[in-house]
Structure formats: structure tokens, C-alpha cells
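S.K.: Now for the letters of each chain:
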Amino acid sequence: MKKIKIGIPRAFHYYRYGVLWKTYFEGLGLKVVLSPETNQEILSLGINNIIDECCLSYKIFIGHAIYLSKICDYLLIPRICDYGKKDKVCTRFNGTYDNLNQLLSKSQILDYNIEYTKHKYQFLGLIKLGLKFTKNPIKIIYSYLYALKKQKKYDSINENEQKNKLQKNNKKVLIISHFYNIKDKFISKYITDYLEKNSITLIYSNYLDRKTAKVFSEYFSNTLYWKYSKEMIGSLYYYKYQIDGTIFISTYPCGIDSLVNNLAIYKNKDIPILNLSIDENITEVSLETKLESFIDIIKGAKNE
Amino acid sequence: MNKIISFPHISYYYIPIRYIIRNITKCEILIPESNSLNTVSIGAKYSPNDVCMPFKYNLGNYINALNRGANFLIQAGGGCRYGYYAELQEQILKELGYNFKFINLIKNNHISIIKLYNEAKKINNKLLFIEYVFYLIKGFLIIVFMDKTHKYIRENQALSINPKEYKKAFQILKIAYSKDKLSILKIIKIYINSKKALKSIPKKQNNNNIKILIIGELYTLMDSTANNNLENILIDSGSIIYRYTDLTYLLFKKKFARTKILKTSRKYLKYTLGADGAESIAHAIEHCKKGIDGIIHIKSYGCVPEINAIPILSQISKDYNVPIMYLSYDGENNIANIDTKIEAFYDMINEKNKKNNTYF
Numbered sequence: 018m019k020k021i022k023i024g025i026p027r028a029f030h031y032y033r034y035g036v037l038w039k040t041y042f043e044g045l046g047l048k049v050v051l052s053p054e055t056n057q058e059i060l061s062l063g064i065n066n067i068i069d070e071c072c073l074s075y076k077i078f079i080g081h082a083i084y085l086s087k088i089c090d091y092l093l094i095p096r097i098c099d100y101g102k103k104d105k106v107c108t109r110f111n112g113t114y115d116n117l118n119q120l121l122s123k124s125q126i127l128d129y130n131i132e133y134t135k136h137k138y139q140f141l142g143l144i145k146l147g148l149k150f151t152k153n154p155i156k157i158i159y160s161y162l163y164a165l166k167k168q169k170k171y172d173s174i175n176e177n178e179q180k181n182k183l184q185k186n187n188k189k190v191l192i193i194s195h196f197y198n199i200k201d202k203f204i205s206k207y208i209t210d211y212l213e214k215n216s217i218t219l220i221y222s223n224y225l226d227r228k229t230a231k232v233f234s235e236y237f238s239n240t241l242y243w244k245y246s247k248e249m250i251g252s253l254y255y256y257k258y259q260i261d262g263t264i265f266i267s268t269y270p271c272g273i274d275s276l277v278n279n280l281a282i283y284k285n286k287d288i289p290i291l292n293l294s295i296d297e298n299i300t301e302v303s304l305e306t307k308l309e310s311f312i313d314i315i316k317g318a319k320n321e
Numbered sequence: 006m007n008k009i010i011s012f013p014h015i016s017y018y019y020i021p022i023r024y025i026i027r028n029i030t031k032c033e034i035l036i037p038e039s040n041s042l043n044t045v046s047i048g049a050k051y052s053p054n055d056v057c058m059p060f061k062y063n064l065g066n067y068i069n070a071l072n073r074g075a076n077f078l079i080q081a082g083g084g085c086r087y088g089y090y091a092e093l094q095e096q097i098l099k100e101l102g103y104n105f106k107f108i109n110l111i112k113n114n115h116i117s118i119i120k121l122y123n124e125a126k127k128i129n130n131k132l133l134f135i136e137y138v139f140y141l142i143k144g145f146l147i148i149v150f151m152d153k154t155h156k157y158i159r160e161n162q163a164l165s166i167n168p169k170e171y172k173k174a175f176q177i178l179k180i181a182y183s184k185d186k187l188s189i190l191k192i193i194k195i196y197i198n199s200k201k202a203l204k205s206i207p208k209k210q211n212n213n214n215i216k217i218l219i220i221g222e223l224y225t226l227m228d229s230t231a232n233n234n235l236e237n238i239l240i241d242s243g244s245i246i247y248r249y250t251d252l253t254y255l256l257f258k259k260k261f262a263r264t265k266i267l268k269t270s271r272k273y274l275k276y277t278l279g280a281d282g283a284e285s286i287a288h289a290i291e292h293c294k295k296g297i298d299g300i301i302h303i304k305s306y307g308c309v310p311e312i313n314a315i316p317i318l319s320q321i322s323k324d325y326n327v328p329i330m331y332l333s334y335d336g337e338n339n340i341a342n343i344d345t346k347i348e349a350f351y352d353m354i355n356e357k358n359k360k361n362n363t364y365f
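Note that the protein sequences, when read in sequence, are chains A and B. Letter by letter, the first sequence follows residues 18 to 321 in my numbering. Letter by letter, the second sequence follows residues 6 to 365 in my numbering.
Here chain A stands alone, though its shape is the one from the complex:
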């Protein structure tokens, strides 16, 4: 029998739950298909199919989803609303499922809901999805727990790697961005490559333990209610005295970053900060000029 193909777009929450999803569905006996890294084809698919006012990350996500819908039986698109009363997410994630439903009415979309205030947890959602493919509850629960363990292991490997990086004597730059932007090829690949070429050690905001980051974000503000922003800003306060500079990467027009990043720049005047806003028309030359002068600032600051 041919295996059912389930597609996971390499965008948005893939960078947070990717390992979990992959091992879970493979444990259920399905074939998981990942979309390739963002390329020009995927980007133009996204730009052509959604209105121009959406942020670049969303356009990329739509591109990946449409690309996969042609080659897969199912698509996994979670809907995320909040992780508790004080931990909301961008309203963009509230509507991803319904928006894609309009675009891809033919292909079947698998969805589950994370809304802690209404007792909708990821665990329950994924198990409900699993019942669609197998009737064996032990298999489902076992593969979920195994997947969860694997995701945690993957996260802790990254975390330890980052700890080792901090021991180095190089100049260190903290990259602060949403987890879905940091590893994306189109958005930040050029920036990270350029900095590494100039022998700068890169520290990433999404590899810090999330609970620690949340505690440290209290130094910034106690009314901030976006979970992902808390993790980003918490990392700045955690690493502040171990780094030489910070780069904010946001995708134009990001609603949350427009407020939080600017407030962070106002509040942290003692370290060099570069605020980069990336859109689909960005050229490598314009980035290079900015990065070059930023590196000069860091090196100059240390010479004094």
C-alpha cells in the first residue's frame, strides 16, 4: 500500500515543533514531506497568492504551503491563539488556518488548536489528529511521548552548543528575531553568513531556554503579553554583559516588532544595536553596507 504523504511547510512553527511533528507522524506510519528551503519559486508563489500588506514571513509560509499542496495528501497547519492569559501570540497565527482554507479548498488541511484559556492543548490536538490515521491509542501516545522526548533533546543540544560558543574569545553578536526568521534562508542566511565570514561568533535568541528567557523579560517590561516577544527580549537581558552587539531582524511590516524592538532600542542605549527590516525587495548590497559599518562599530568600541 502506498503511504499517505503529510506535508509540513518549512516556515513558522516548523522551527519550533518541527522535530516533534516529524517523529510523531513517522511513528504513526505516515510519510512526512518537508518543503525545501525558501527559494525564489516559493517566495513568488507566496507573494502572488496573498495580499501585499502581509509580512514577509507570512508570504513565505503561504508559498511553502501552496508548494506542498501540489505534492501531498495532507498539510499540517496548526492554529495558535495563546499559551495562557499573559502569553498571547501575534494575531497572524489565529487566522492562518482559515486563510489557507480559502486558498487551498481542494487539498485537505490538518489542523489543531492551541488555546490554553479554553483548555485546548497541543497534546490533545495532536492525539485527535492521530486517531484519523490509526485506531491504536497506545501507538499514538507512545509516538507522541517519543516525539516530545526527541524535540527536547534537539533543543538541549542547540542550547549546549550555544553555551560553548560563549566561551570563545571572538567578538560576539546576539541575533534577536522570531524563531521563524532566524533559520530561514531568504530572511537571515545572508546576514549570518556575512558575520561569520568576518570571524564573529553568533548567539541566537531562540536557543536560550524558554523559561529562563521569560523570567529575564521581566526586566524589560511586566505588561508585555506576547510569548514569542518575551523570549526574544529576555535573551537580550540574559546575554547583555557577554556580548559586544545586537542585531534585530524583523520582517516588514511586523506589527509586534514595530513596538517591542523600538522600545528595546530606547531602553538599551549602552550596547550597539542594529535594527534591520527585511522585505522581499531587499538587496545584498544594501545589507552589506549596514553590516560592514556595524562590524566597524563593534571593533572600534572594543579598542577603546
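It is worth saying that the hints were derived from the structure and are not from the lab. Mixed in with the good hints there might be a few duds.
Said to hold, decoys possible - Straight line, CA to CA, 25 Å or less: simulated SDA-like cross-link-like pairs of lysine to any residue: (1) Lys127(B) x Asn239(A); (2) Lys201(B) x Asp241(B); (3) Lys99(B) x Leu132(B); (4) Lys268(B) x Asn130(A); (5) Lys346(B) x Glu70(A); (6) Lys265(B) x Glu132(A); (7) Lys170(A) x Asn239(A); (8) Lys244(A) x Gln80(B); (9) Lys286(A) x Lys50(B); (10) Lys268(B) x Leu121(A); (11) Lys50(B) x Glu70(A); (12) Lys120(B) x Ser238(A); (13) Lys120(B) x Tyr236(A); (14) Lys103(A) x Leu110(B); (15) Lys135(A) x Lys268(B); (16) Lys103(A) x Asn130(A); (17) Lys228(A) x Gln139(A).
Since we're looking at a predicted model, the values are computed, not measured.
Here the structure of chain A is known, so what remains is to put chain B in place on it, guided by the hints.
M.R.: Structure of chain B alone, referenced to chain A:
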């Protein structure tokens, strides 16, 4: 130092807000100059570049108030990023060198009534909780009555022979409610009088006015400066305006309407879209079923919940064969732009109506 309190503008709601705050704090209230294109250009000068438009208007209001001597500023909000305006605005104004105290009424992304009481008690020690609730109720009554009157005007002004009377009646209502001392009886009496005056205005006999539904983001919908006077332009050209979003809806009705909204829009939506996105869709469907000539969807640039709603609204417009127009505002001062778009939209509606008539 004298305490002078100020707050940002939104539509005509400065009247009830002023009434509540004046009575619970017993301080002087300074209302910033009413919104104009100057306000937004001052605000935009100091705000981050991709922030949404209400932020710029609010910041412009604050700068105007601070220049005229205010030293206590109040901010509320909630929903999407409106809940996080306060902190960045406070920081920006402090960077500009103003000396003031900022009161943020938002707790967990919602306006907190208890927080307002605690803040008011710090200013006015004698305030009792019962007294506070009493003034709050009176303020809410004013909001409800003003909204009701404005709704009546929106739906009936185009039908009348002399529309100027409507504007005059609303002006009288505004002035009557701007007093410091109002009893509940008087508030009701003022409303009844204005309703009588409005109903006595004669109407046209045969009416085939165009019916338009306006939906979208709350600030752009309610504030007539923010939407470049869209509503008045439409009314003056003889169309009936339906708009459900007002403060009464946002404060009271919205909480009870949630299940109904998902029920009406079940065909298009499985979950809510955040802030007022799902409401826009539900009301569009409701009015399309009732029969409407066109929908105008307005928002400020980059408003995420409303962008979520746009692909679904386009589908609704196709399914029910109702023309829809999307307008996105970013504090630009180009009024001719709006005129042209509305003209084209009317052409669209008229062409569609003609076709329908010939076929049947």
C-alpha cells in the same frame, strides 16, 4: 502643582470619557485639539515607521496636550497591538523631554476597571467605590445614548429633505452632555428630546437610496478624521450607512456575541481571527443575507486581524455577488484620493443594479 489630566481623542467619545474622569478625580481635564491631519503628521514624526495609524494619532494628541500644560496622561486599549501602545508612547514622550505621569489602564491586554479605580483613588482620596460605579454607569449611559443617536443619523440622514438639521441636532446633544453635573434622569431626558427633534424632520416619499455596510478596524471606523470623512461623503451623496462598530458594541455587546459570530460565519471560519476580524466577516454575511448594495472595508495600514479577514471577505463578496472595496489608511492627507475611489465604487454598484433590473 495642579494636576491636569488628558487623554487621546477617539471620535466624539471625549465627552463621556471627560465626564467620567472629571467626576472621579475632581481634577482639571484638558481635551487635546480635535484630530486633524496636523495631529497625525506630528505623531508620525516621532513614531516608529511601521506602526499602525492610531498610534500616530494618539501620539499627536499627547504632544498637543503636553504643549498646552497637561501633566497626567491616560491610555487604554486591548485586542491586538493596541494593548501595548502605552509603554512605547510613554518612552517616546520621555525621550522628547516632557515631564508627566502616565496612567496605563491595560491589564492582560484588556481595559481594567479596577485599575482605573485604584489610579483614581491615588489622585482623589475621598472617592468611594459606590460613587465610582455610579459615575461609571452614568458615563456608560451617555456612551449608549450618543451611539444610538449617531446610528439613527447614519441610517436616516440620506432619506431626509434637509440633512443639515441632523448635524444640528447631534451638535445640540454633544453640548448638552458636555456638562459636569448630570443626573441620570437628565441624561435620559436629553436623549429623548434629541430623538424627538430628529424624528420630526420630514422625510422624502420615495426612497431608492443605496445601502452600504462599513466594516473594519475600530479606530479608523469610528474616527471621522482618520478615515478622511468617509462616512459624511457617503451620506452626502445619498446613501444609507450601516456600521455596527461603536463603543457600545465594543464594551458590552461583543462579549455576548462571540458564539453567534462563529455560528453565522461557520461556512467560512472555524476559529476567530483575533481582535475584530471574525466580527467583520459575521456582519458582512448577516447584511449580505438581508440585502445590501455594497461593502466598504477600512483599516489602518498593517492591521493584522483585518488582513486575516480580507481573503475571506473577497470570497463572501463573490458568493453573494456584492461589490466590496478595501481602503487602507496611513495618515495621508490626500482627500481627493478617497473621492475618486468612492466614485468608482458607486459606478460599480450602479452598473450591477442596472444589470439586475434588465434581467428580471
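S.K.: Hint by hint, note whether the structure agrees.
M.R.: So, going through the hints one by one against the coordinates:
no.	hint	verdict
1	Lys127(B) x Asn239(A)	21 Å, holds
2	Lys201(B) x Asp241(B)	23 Å, holds
3	Lys99(B) x Leu132(B)	30 Å, violated
4	Lys268(B) x Asn130(A)	18 Å, holds
5	Lys346(B) x Glu70(A)	19 Å, holds
6	Lys265(B) x Glu132(A)	19 Å, holds
7	Lys170(A) x Asn239(A)	31 Å, violated
8	Lys244(A) x Gln80(B)	23 Å, holds
9	Lys286(A) x Lys50(B)	21 Å, holds
10	Lys268(B) x Leu121(A)	22 Å, holds
11	Lys50(B) x Glu70(A)	22 Å, holds
12	Lys120(B) x Ser238(A)	18 Å, holds
13	Lys120(B) x Tyr236(A)	22 Å, holds
14	Lys103(A) x Leu110(B)	16 Å, holds
15	Lys135(A) x Lys268(B)	18 Å, holds
16	Lys103(A) x Asn130(A)	18 Å, holds
17	Lys228(A) x Gln139(A)	18 Å, holds
Hints 3 and 7, counting from the list given before, are not met by this structure.
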